[in-house]
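Given chain A, put chains B and C in place with the hints provided.
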Amino acid sequence: MKNAVGREIPDFLLKDGREVYQGKNYMDGKYIQKASPRTRRYEKPQESKLVETLADALRQCGARSGMTFSFHHHLRDGDYVVNMVMKAAIEELGLEDLTIAASSLGNAHDPIADYIEQGKVIGIQTSGIRGRMGEVVSAGKLKTPAIIRSHGGRPRAIEGGEVHIDIAFIAAPTSDCVGNCRGIGGKSNCGSMGYAMTDAKYADHVVVVTDCLVDFPNMPASVEAIDVDAVVVVDSIGNPKKIASAAARISQNPRDLMMAENVAKVIASTPYFKEGFSFQTGVGGPSLAANLFLEKYMDERNIKMGWAIGGICGPMVELLKKGKVGKVIDVQDFDLDAVNSINQTPNHFEMSASQYANPANKGAFVNKLDFVVLAALEIDTGFNVNVLTGSDGVLRGAPGGHPDTAAGAKCCIIVTPLIRGRMATVCEHVVTVTTPGDCVDVLVTDYGIAVNPLRPDLIECLDKAGIPHVTVEELKEKAYSLVGRPDDLQWEDEVVAVLEARDGTILDVVRKIRPYTLYRD
Amino acid sequence: MEILKPAIAGTLESSDVQVAVEPIEEGVEIYLESSVMNQYGRQIKDTVLQTLERLGVDKVRITVLDKGALDCTIKARVECAVFRSCGASDANIPWGGVIR
Amino acid sequence: MIPRPRPERFRLRRTMMFMNAQKPGLIKDAYIYGCDSIMLDLEDAVAENQKDAARFSLYHALKTIDYGDTEVIVRINGLDTPHWQEDIRVCVAGGADGIRIAKCESAQDVLTVEKAVEAAEEEFGVEKGRTLLMAALESPKGILNAYEICAASPRMFGVAISGGDFRKCMQTTPQRDGVDMMVARGQMLIAARAAGIQCFDTVFTNLDDQEGFEAEVLQNKAMGFDGKSLINPKQIRFVHQVFAPTEKEIRQAEKIVRAYREQSAAGVGVFTVDGKMIDIAFIPGAERTLKLARACGLWEGDLV
Chain A
389 MKNAVGREIP DFLLKDGREV YQGKNYMDGK YIQKASPRTR RYEKPQESKL
439 VETLADALRQ CGARSGMTFS FHHHLRDGDY VVNMVMKAAI EELGLEDLTI
489 AASSLGNAHD PIADYIEQGK VIGIQTSGIR GRMGEVVSAG KLKTPAIIRS
539 HGGRPRAIEG GEVHIDIAFI AAPTSDCVGN CRGIGGKSNC GSMGYAMTDA
589 KYADHVVVVT DCLVDFPNMP ASVEAIDVDA VVVVDSIGNP KKIASAAARI
639 SQNPRDLMMA ENVAKVIAST PYFKEGFSFQ TGVGGPSLAA NLFLEKYMDE
689 RNIKMGWAIG GICGPMVELL KKGKVGKVID VQDFDLDAVN SINQTPNHFE
739 MSASQYANPA NKGAFVNKLD FVVLAALEID TGFNVNVLTG SDGVLRGAPG
789 GHPDTAAGAK CCIIVTPLIR GRMATVCEHV VTVTTPGDCV DVLVTDYGIA
839 VNPLRPDLIE CLDKAGIPHV TVEELKEKAY SLVGRPDDLQ WEDEVVAVLE
889 ARDGTILDVV RKIRPYTLYR D
Chain B
3 MEILKPAIAG TLESSDVQVA VEPIEEGVEI YLESSVMNQY GRQIKDTVLQ
53 TLERLGVDKV RITVLDKGAL DCTIKARVEC AVFRSCGASD ANIPWGGVIR
Chain C
25 MIPRPRPERF RLRRTMMFMN AQKPGLIKDA YIYGCDSIML DLEDAVAENQ
75 KDAARFSLYH ALKTIDYGDT EVIVRINGLD TPHWQEDIRV CVAGGADGIR
125 IAKCESAQDV LTVEKAVEAA EEEFGVEKGR TLLMAALESP KGILNAYEIC
175 AASPRMFGVA ISGGDFRKCM QTTPQRDGVD MMVARGQMLI AARAAGIQCF
225 DTVFTNLDDQ EGFEAEVLQN KAMGFDGKSL INPKQIRFVH QVFAPTEKEI
275 RQAEKIVRAY REQSAAGVGV FTVDGKMIDI AFIPGAERTL KLARACGLWE
325 GDLV
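Protein chains in written order, with my numbering: chain A, 389 to 909; chain B, 3 to 102; chain C, 25 to 328.
If you're looking for bench data, these hints aren't it; they were derived computationally from the structure. A hint or two may mislead.
As the list claims (entries may be wrong) - If you want a taste of the chain B side facing chain A, the calculated C-beta under 10 Å gives, among others:
#1 N40
#2 R44
#3 K47
#4 K69
Unchecked claim - Beta-carbon label-pair distances, calculated as ranges:
#5 K692/A - Y33/B: 53 to 61 Å
#6 T197/C - P608/A: 40 to 48 Å
#7 K662/A - K279/C: 35 to 43 Å
#8 I847/A - Q265/C: 54 to 62 Å
#9 K152/C - R637/A: 50 to 58 Å
Claimed, not checked - Listed next, the in silico BS3-like pairs over lysine-lysine satisfying Cα-Cα at most 30 Å (straight line):
#10 K258/C - K315/C
#11 K403/A - K900/A
#12 K165/C - K192/C
#13 K653/A - K710/A
#14 K47/C - K47/B
#15 K756/A - K709/A
#16 K192/C - K653/A
#17 K152/C - K127/C
#18 K662/A - K756/A
#19 K662/A - K258/C
#20 K531/A - K508/A
#21 K852/A - K87/C
#22 K866/A - K315/C
#23 K47/B - K87/C
#24 K87/C - K712/A
#25 K403/A - K575/A
#26 K258/C - K684/A
#27 K629/A - K692/A
#28 K47/B - K866/A
#29 K653/A - K165/C
#30 K852/A - K152/C
#31 K412/A - K756/A
#32 K684/A - K245/C
#33 K852/A - K47/C
#34 K258/C - K710/A
#35 K852/A - K756/A
#36 K709/A - K258/C
#37 K272/C - K653/A
#38 K87/C - K866/A
#39 K684/A - K192/C
#40 K750/A - K798/A
Using N, Cα and C, we set each Cβ at its ideal position, and we do this for glycine too.
Looking at chain A on its own, in the form it has when it is part of the complex (with noise of 0.2 Å):
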């Protein structure tokens, strides 16, 4: 059945009440039920919770094959948890028919491949996808299809009983005996630990993993012992030095420069752009050193950020440092700056995932956004977004809060250049939609501006400031020209990743790729 972003969803994966995706905000006023664990009671006083290994905190909640296991993803690259719970669960318990419900994954988890082909995991449930799991998972090894989320859409999907967590692992820079975690004050920081937070509250068991263990009581607390059934202490659960950077550096690269400085000419052509404005920008080069020059229009007109939200990340906080915005929330942290400055720079706070980009709650951060920047991997001439798969098909990213926050900011802009290498960045079809074109408003390429013409209010703005812009179709032609047409990529049928929108709905799904090779024909 074709969807309203007009991709073909087979019908088997339409059950259970399961519908293809029907354009924004279509749940909006239903009801949802949401779901209950079944946790233990620890009434008799305990002195502690801590368990020696990862493979004794397993068998104590009852580790069997066919769970799911859930992680968050706040070490990033530098992550060791999923590996290491991984390794024991299957190595040395022997388990099978595994489930990964992940926040994210990313390179540091090349070794899952392994245990996919191995047929030990069966199932993965993340926002991101890459490096050898990607290909592996693009060359239909996993068992099931992945199902691929936003930010918003995993909490959503927990809360509602569609994912029912076995036992989460919580990956704690410092934790007390007894499973109150932080993300700072030990040697692997991280920061907000915000995407733990409702794995935590929803997951029949709670397993805490850390390489720092303090005094009790560890407050204020991100993952609180209420939820916590075992603590392991392990030597590091991470890389620091890819957990977070030493600094978010603004890009020197003057082509980054010269589309941040268009992006922040059409935001302050808005009129939401004045005193008290919302705003968030993700961390990719052009993205980020828009607050640079949003910060000149700021002074110009002597306004002030009220409040940002997001993974932040160095200059952000200086923003915040600097009294330019009034309050930063904060759900991931990208650099030190960020992990030393959340929950003591004043006005820096933390917030769950579900705070921030649930389409099924009372109210996420993110509907009260005014502007989101946001790159692409693809953007097509329906405005429809790619950030999961290349163009050449195979899983390499993550839609992550891309289309949580373009649903819900008033308006949404991508920044990317219009190719890269002899890639059309601009092109007719997405290789896959992540986030759907009625959520973006303008694009912002090296070649040139384009409104979405369900903006004409939009268009207004530009025209009034004097801003160049162009239609899609024009940037698309421009792309082409440049690297030639590219020739339909060849797919099996066999899905391999379904990509749910935000809602629930599907929005579109990954098939496998069949690889062009020389003289098939």
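Using the frame of chain A, we list chains B and C on its own:
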């Protein structure tokens, strides 16, 4: 043109392509790797073969390691490798003739 | 193949950005940053054993890439190298707008290049005289012969000083106040103006020293340069900002041109604008100001 000795042109930098040619007894053997194989593999192969044909090269083993080069770069690298293999790449290039 | 219009000898050239002709990733779209001219470099940026490869790249770039209104100039290798003749052939065959003669020291150097260009235009069926020339002065001898170089050929549109080599010859280094090249810049400017061609300043290579760069650009403008060579797109904006005429200059120029048209139609040669005596000698300057203002997006009239 006749491939006289092995020659190479181009780099493995992004947006470039490295092309190596060597003489063989018969025919054109092409080996192609590309970072954009699925979308452009066929077009790259065509460009390489057309360029060789224009240069009148019919006995060659050509290895093409592509990092997302545009067509104009692919042509330039193939031509340079072929002219180098004949020791003729430094002067009196037929610009606008077989090089076009 | 992208046909390019016949190059204009006198056009706006505030910024000329150098690009290594051997790097496909760089040359494919250098024009998007909005510099007036790009300078594809076959000389210093290209290693000695890659000169041949760079020419093949250059030829196809010139033939394939739509540079739009951006002028495309090629810096060829010096006349003391074995490369310059083939460099000229590829420039002319590819249809470059102009050639920058490196290390130019005499009118004879210009004539030598001109002869080879003419031969190449003949060989490749290119309109005779289409390919423009500019000279880079890189030595004391070049500076001393500046006037004869500037006046050597009707193809010459400009002259530039190349600071790196020149300072070495003069046993000096870049100075904050520009005193190291003050005389050379001045002499070159005088020669260029006397010969009626444009004059461009050298690159500023320390990308981390924005303050020093800005000071140099302001001095360039004050000395009367037409533009500056650049090594990074991020330098473009400031140069354009500095070389843009002020609101007052634009209004004044508009008044002068308009008044001149009216008065000369009425047969009057000398008249006053805002109490200032104006005659025909003011017109080229005023027209240049308006053209510049239009290029900078500051003026939309149709007087020029």
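Each hint, compared with the structure:
no., hint, verdict
1, N40, "4 Å, holds"
2, R44, "6 Å, holds"
3, K47, "6 Å, holds"
4, K69, "7 Å, holds"
5, K692/A - Y33/B: 53 to 61 Å, "60 Å, holds"
6, T197/C - P608/A: 40 to 48 Å, "58 Å, violated"
7, K662/A - K279/C: 35 to 43 Å, "39 Å, holds"
8, I847/A - Q265/C: 54 to 62 Å, "28 Å, violated"
9, K152/C - R637/A: 50 to 58 Å, "53 Å, holds"
10, K258/C - K315/C, "24 Å, holds"
11, K403/A - K900/A, "22 Å, holds"
12, K165/C - K192/C, "13 Å, holds"
13, K653/A - K710/A, "22 Å, holds"
14, K47/C - K47/B, "22 Å, holds"
15, K756/A - K709/A, "23 Å, holds"
16, K192/C - K653/A, "44 Å, violated"
17, K152/C - K127/C, "25 Å, holds"
18, K662/A - K756/A, "14 Å, holds"
19, K662/A - K258/C, "29 Å, holds"
20, K531/A - K508/A, "9 Å, holds"
21, K852/A - K87/C, "38 Å, violated"
22, K866/A - K315/C, "29 Å, holds"
23, K47/B - K87/C, "21 Å, holds"
24, K87/C - K712/A, "50 Å, violated"
25, K403/A - K575/A, "47 Å, violated"
26, K258/C - K684/A, "17 Å, holds"
27, K629/A - K692/A, "33 Å, violated"
28, K47/B - K866/A, "23 Å, holds"
29, K653/A - K165/C, "49 Å, violated"
30, K852/A - K152/C, "47 Å, violated"
31, K412/A - K756/A, "16 Å, holds"
32, K684/A - K245/C, "26 Å, holds"
33, K852/A - K47/C, "40 Å, violated"
34, K258/C - K710/A, "26 Å, holds"
35, K852/A - K756/A, "26 Å, holds"
36, K709/A - K258/C, "28 Å, holds"
37, K272/C - K653/A, "26 Å, holds"
38, K87/C - K866/A, "17 Å, holds"
39, K684/A - K192/C, "40 Å, violated"
40, K750/A - K798/A, "18 Å, holds"
Of the numbered hints given earlier, the model fails hints 6, 8, 16, 21, 24, 25, 27, 29, 30, 33, 39; all others are met.
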